[in-house]
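Residue numbers (this note's numbering): 150 to 398.
I should point out that these hints are in silico values taken from the structure, not numbers from a laboratory.
As the structure is a computational prediction, the values presented were derived from the model and not from experiment.
Idealized CB from N, CA, C, for every residue including glycine.
Please note that a few of the clues may not be correct.
Mimicking PhoX-like on lysine-lysine, the simulated pairs with C-alpha atoms at most 25 Å apart in a straight line are [unchecked claim]:
#1 K331 to K364
#2 K301 to K358
#3 K297 to K364
#4 K217 to K295
#5 K301 to K217
#6 K217 to K297
Pair ranges (Cβ atoms, derived) [as the list claims (entries may be wrong)]:
#7 V172 to S234: 47 to 55 Å
#8 P157 to S368: 18 to 26 Å
#9 Y228 to I154: 35 to 43 Å
#10 I158 to L231: 15 to 23 Å
#11 L207 to F398: 47 to 55 Å
#12 K364 to S234: 33 to 41 Å
#13 G192 to T151: 26 to 34 Å
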Amino acid sequence: MTAIIGIPIFLGGLYFGGTFWKVTVLFLIFVGLLEFARMAGPGVYLDYLLASGLSFLLITYSGITDTKLLIWLASQTIYYLLRASFGGMHNFSSAFNLLGVLYVAIPLSFLWIVRDQFGVLWAIFGIGITWLTDSGAYFGGSRYGKHKLIPKISPNKTVEGSLCGIASAVVGAIVFAVVTQKPVGLVGLFALLLSVFAQLGDLVESAFKRECAVKDSGSLLPGHGGVLDRFDSIGFVFPVLFICLTLLF
């Protein structure tokens, strides 16, 4: 039921763009920051996380420039240092709050940036590669999985599942390239790279949860966990997709 309701809303926002997509991405980042705060536990500066994370998203909505990025970087750094210094002199021990912004707000902001700068087709491509990788790895691992990938981080993931995820992504990319009349070889290489990063993003989230001793990042999505559980791969895929598109196109 979560997928039946959530996927059309998400894809609808992606397709129509504009305010609908802005609200969708804003919601994901807002909830993601709350989930990060919940996992991190004591010492979280929720005011800093929300102010710094959401302000970064807002400057992407208004159009990123070098000046805006410098102002944001200086402001959020000073905010954190003052907050940590006068909140008990925990500048070092509370530095994980900086990680919350870097891990949640900045990567997920690329959902808007890619859609805005390169169009809906490339955004759909990024989503599709992520989902194909996830599905291919799950079903391939269930059917053929024998060799553990990184058992200390995620004991259920296998090498065979990982390869099936990559294969599914590449096949899907070839279909995408043929339908949209884009270079098959280039799009296939994109898919290979993005599929690897999708799996790395999933492993990073698993490492976070193991460190914090939690099963899921949240409970917003029944049967699926939280936003960070579902968008961990996308947080890696879209920044890498943006880099590839910017360098090549």
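Hints versus structure:
1. Taken as a hint, the K331 and K364 pair is broken in the structure, with Cα atoms around 41 Å apart against an allowance of 25 Å.
2. Annotation: proposed proximity of K301 to K358 holds, straight-line Cα distance about 12 Å (limit 25 Å).
3. Of the pairs offered as hints, the one joining K297 and K364 holds, with about 20 Å between alpha carbons and a cut-off of 25 Å not exceeded.
4. Taken as a hint, the K217 and K295 pair is broken in the structure, with Cα atoms around 50 Å apart against an allowance of 25 Å.
5. A hinted pair counts as satisfied when its Cα atoms are at most 25 Å apart, and K301 with K217 does not qualify at roughly 41 Å.
6. For the hint linking K217 to K297, the alpha-carbon distance of about 45 Å lies beyond 25 Å, and the restraint is violated.
7. Here the CB-CB span from V172 to S234 is close to 35 Å, at odds with the stated 47 to 55 Å.
8. Distance hint check for P157 and S368: the Cβ-Cβ separation is about 21 Å, which falls inside the suggested range of 18 to 26 Å.
9. As the Cβ distance of Y228 to I154 is approximately 37 Å, the hint placing it in 35 to 43 Å holds.
10. Distance hint check: the CB atoms of I158 and L231 are about 39 Å apart, inconsistent with the given range 15 to 23 Å.
11. Checked against the hint of 47 to 55 Å, the pair L207 and F398 fails, with Cβ atoms roughly 26 Å apart.
12. One distance hint, 33 to 41 Å for the beta-carbon pair K364 and S234, holds here, with the actual separation near 35 Å.
13. The given range of 26 to 34 Å is respected by G192 and T151, whose C-beta atoms sit roughly 32 Å from each other.
Hint compliance for this structure: hints 1, 4, 5, 6, 7, 10 and 11 are not met, and every other hint is.
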